[in-house]
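Can you make the complete structure from the sequences, with help from the hints?
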Amino acid sequence: FFFPLVKKNSLEPNPPLFTLILMEKLDSLNIVSLKIAFFRNITTTLSEEFLYIVSIYKAEFRQEILKWNGWGYNDSKFIFNKKGQAEFTGKRYRLSGMVLPVLKEWMEKSLGASLEHKITSRAFLNTSDVPPSIVNEEFLQDLRATKISYSQEAEDRVFRAHGHCLHEIFVLREGMFKRIPDIVVWPGCHDDVVKIVELACKHNLCIIPFGGGTSVSSALECPADERRTIVSLDTSQMNRILWIDEKNLTAHIEAGIIGQDLERQLGESGYCTGHEPDSMEFSSLGGWVATRASGMKKNIYGNIEDLVVHIKMVTPRGVIEKSCQVPRMSTGPDIHHFIMGSEGTLGVVTEVTIKIRPIPEYQKYGSVVFPNFDRGVACLREIAKQRCAPASIRLVDNAQFQFGHALKPQVASIFTSFLDGLKKFYITKFKGFDPNELCVATLLFEGDREKVLQHEKQVYDIAAKFGGLAAGEDNGQRGYMLTFVIAYLRDLGLDYYVIGESFETSVPWDRVIDLCRNVKERIVRECKEKGVQFAPFSTCRVTQTYDAGACVYFYFAFNYRGISDPIHVYEQIETAAREEILANGGSLSHHHGVGKLRKQWMKESISDVGLGMLKSVKEYVDPNNIFGNRNLL
Amino acid sequence: MKCYTPVIYKGLSACKPSAIKNSVLQSEQVQYVIKQLSKEMGESTDIIQEEAIEILDEMGHNLHIGAIRFFAFSLSKIFKRIFQRVCVNEEGIQKLQQAIQEHPVVLLPSHRSYIDFLMLSYLLYTHDLALPVIAAGMDFLGMKIVGELLRRSGAFFMRRTFGGNRLYWAVFAEYVKTMLRNGYAPIEFFLEGTRSRTAKTLTPKFGLLSIVMEPFFKREVFDTYLVPISISYERILEESLYAYELLGVPKPKESTSGLLKARKILSDNFGSIHVYFGQPVSLRTLASGRINRCPYNLVPRHLPQRLSEEIQEFVTDVAYKMELLQIENMVLSPWVLIASVLLQNLPAIDFELLVEKTLWLKGLTQAFGGFLEWPDNLCANKAVTSSLALHSNIVSLVNGQVVLNDVGMEDGATEELVFKQALSILMCGAYRNQLLNVFVRPSLVAVALQMTQSFRKEEIYSCFNFLRDIFSDEFIFFPGIALKDFEEGCFLLTKCDVIQVTPQEILVTERGNSVAVFLAALFRPFMEGYQIISRYLSKETKEAFTEKQFILGIRNFAFQLLEIGSTQCYEVLSSDLQKNALATFVRLDVVKKMKTTNGFTYTINKEALSKTAEMFDSQIPIRKLVTARL
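Listed in order, the protein sequences are those of chains P and C. For the first sequence, UniProt numbering begins at 1 and goes up steadily by one. For the second sequence, UniProt numbering begins at 1 and goes up steadily by one.
Calculated directly from the structure, the hints in this document are not laboratory data. Remember, predicted model here, so these are calculated numbers, not experimental data. It is possible that some hints are incorrect.
[Said to hold, decoys possible] Label-pair ranges, simulated between beta-carbon atoms: (1) Pro295(C) with Met602(P): 16 to 24 angstroms; (2) Glu309(C) with Arg227(P): 45 to 53 angstroms; (3) Met602(P) with Gly164(C): 43 to 51 angstroms; (4) Ser44(C) with Asp547(P): 30 to 38 angstroms; (5) Asp547(P) with Gln305(C): 23 to 31 angstroms; (6) Ala19(C) with Gln260(P): 47 to 55 angstroms; (7) Glu309(C) with Asp306(P): 36 to 44 angstroms; (8) Leu298(C) with Asp306(P): 21 to 29 angstroms.
[To be verified] Some but not every residue of chain C turned toward chain P, in silico, with C-beta under 7 angstroms: (9) Arg219; (10) Glu220; (11) Arg293.
Every residue gets a Cβ at the ideal spot worked out from N, C-alpha and C, and that includes glycine.
Written out as structure tokens, the structure reads:
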């Protein structure tokens, strides 16, 4: 099928480095052009890595290394090995290939899960279940004339019919969507998008833009009653960095690029954007813009709205962009703010100019243990007040702290386990911290070495005033690593009757503690009322600090054995939790967006007039509702 | 010594009363008000802070386990001496124990006697439950040693009126809320605000209730449990005191020596007490879907905020709901039935007839859902006899006739006779009133039937509605559900076969006539009382009068009527009834209430008055009911 030619690239300084030349591949009717790929650390066996490499550059293949019915890469998942111990497979993450001896016990204890009660997903997509592709022949002819790649294959269409909400994954494992895109198109550049949108207007089709597919707001779900042909516009081929402007520290990039590729490619020139949402392995630049994304290191680099200098978007009315690339302008309301957070309802973001920064010289992780959550929050508030927050600072509550321990890999030596014991003894016995109360803040410092060390001292000094004890780099680093693997854990849970999800909000400082407590309590109470047999796992962390408040992130999971309609129950509980957030003065969303999942609260959130304003913009830009994913409004 | 280890609220961080006082003082809320006042009055914050400290010291509780032990010890001695038995519903205690661990708890007992909170604390102590902190009136503080003892056993004190004093309000509210938020101890206060002298449940006060609800509105706590508690006395300790008070003999100020004088009580028998702990009601459940969260999200939580209309309405509803729950669980003793029968058969009733009628009323009460404690092991004769014995200060059995004690005293001026008679009747009435809480809906239907002399449902309902409105200060009606109350009344009457309801008409059955007459007669004192008062008002010539003048005037007017025997309605002498009537007339715009420099004055709207008086005058005297021709 493939003819990979592997040749050493003499131009690149760092061996081992290879140039991969992928020759033509006949893929149904489409001819894929020749691509040259650079990749580090390639091993002798090529099969999987090969696919991976290819996928980075040829995202049409991307879906082949990603799970079709779960999160992330095919090769990376949690399993229980023959000894009944949990293990994380693959080679991609620090945790990969490691045995996690206490995870099983944690699952049994905290969720009531048991290895005997297993429920597996079906192994393959049954293409005969998939709704047929209905595309009008005239459109196909026009499309072929543009030479833009497209597909009507069932797998391709199903892959782009969903995000990663629990109910969507559940459907993939056990059912089928009522409505999925009829056709997938892969525009290669801005002009291709213009052509596709023109065709859609001409033939009255519905376009749903698709970036990385990591939405958790039902934003990608096709409206079940959409009668028109639904075109999934996959931006993944628009993934080039078009130019880098070192004088102004900006880069002009096609919006389909995936976060990790963007950072790696900029890295080759010594730059970064510093925008690192937890989904950055899979999510796209265009997606960030369309949802008002937030990155882990926003304290240094800012959120997406702070990073973006220029946006080009194709709408049914035409292309919208500003005439210059300036840091700020006073020309009426900022039109970028109609685009950011529009969630694919107005058009397709094709190109973005974004700020870049030189890669920091030095990075250091850190962590602080607090006697309880209240003290931790007070400390974060003080750090925010003094405006000395490190690149990232997060505070996890006790349940999540304990959960983090459940994901500790097997300890290599007696010495380490002895050290761990000693640490525990020091903190709980000597310092008198209650192991069921204490919580941990993880820190990430960035910058030049000297300043980082200075900054670190400042932060630890503040922490000490709130009873915080420095708890080492390792704990900090593990905390951030967990963020990336935790999404994989849901797939393991699903195999053992455990369903779960995360959600987030932003809230003024004075209400953080009350909101966290009340929402967790509400979840527990709702579970009880809805007949959930086991106590749920309900935990939160403060993930971002601002001058006027914080972002809070919740995890929630429960064991649904004995419930006939777990997804319905789950949704009711999530709705109740959101009601609780709103009643506690929290926002509808900090960075996940509204999608279709949270539409019901939009009016309450932004007032009638506010909603009317957004509607009138939609009405002008897209009167025929070509971008008909029905998010937001 | 008993080991006292109560279960506590799960979120409780242990702290001393002094620490609480300090955190109240330093709280943003109090500091904000201090700063505001300092800005307005030009006084330094330190001086106002001092004032706040004084307020806190005057008010603060000081829980000492030693004091509690002492109290428990002496109370158990006293209680054992004067009460036959104290009955508590155990499952209520268990639910309360559960509730205390889950969320902050507010105890809302009914208020009939000083014994109420002593008894409650004592019971909680003996059941190993957390002792409540009690919002008690300042008058207790006057009692030297006892005041301090009360304070040490968890009472904190509030001034009776402090609406105008912002600092006091801020400190007090924050003090209560701090204790609630910390889950320091259950908070206890009386919705009725003061002891009900008439044994009718008083209309609720909302101030304290809205304070304890606020932490939930602001989501400072996840939930708050409200626990209605009904304390029923077979014989109320203060019964004669209340009757004197109602007749205008001022109540003695609480003092320790007064308490000592009360020692003679110790040799008396006060029957049994029933304490019923109602199901804890979750405030969150009550509020679900009712509260718009926006107002609380848009203002910093420490700023004093005027309650929105929506919230005020909600607080009102909750208060009424809690009082209705109290009423539901009030235990009625046989004496309550006897008193009701007796009052309709003055001056004397044959003992056998009394027993027979009491038994009949027992059946009716049970049918109406009254919570009756009847000694089933005794025959009816004995049950009545023992009740009469317990209340021998009010009634006695003379030659097979049951009479009020003061009847037959021939000597003395007529005025004194009237007074004595009134005293007995009011004392008796206080027991009958306990029945009214249960009977009010069907009875008002019966009264409406009598007044309208009609079968037409619409007409009867509109009359019922009028009565319900008139008496809404007198009895507890949930706001805004007149139709539901009417239907409930009709339902109960239908159930007892008193009336038949068709879509258009309400017909009294032949058999039901006597019941309907009895039910209407039950409320006759109130009907007549209001009638006399409206007659008095139409004769009143003064331009404006104060409440005091009004009460004095009515009293003289009523005394005259009673002396010449043109009315038998002794209960119009009750200042409680008089005040309620005045409030009603103000509500109906018959009387206008105006604020002046020294209190309130009232003026009469003659036109409106004559209309209302007509309503009463024209229709009351008819005693016979139109019965259905079936």
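Self-check item: Broken hints, by number
Solution: none
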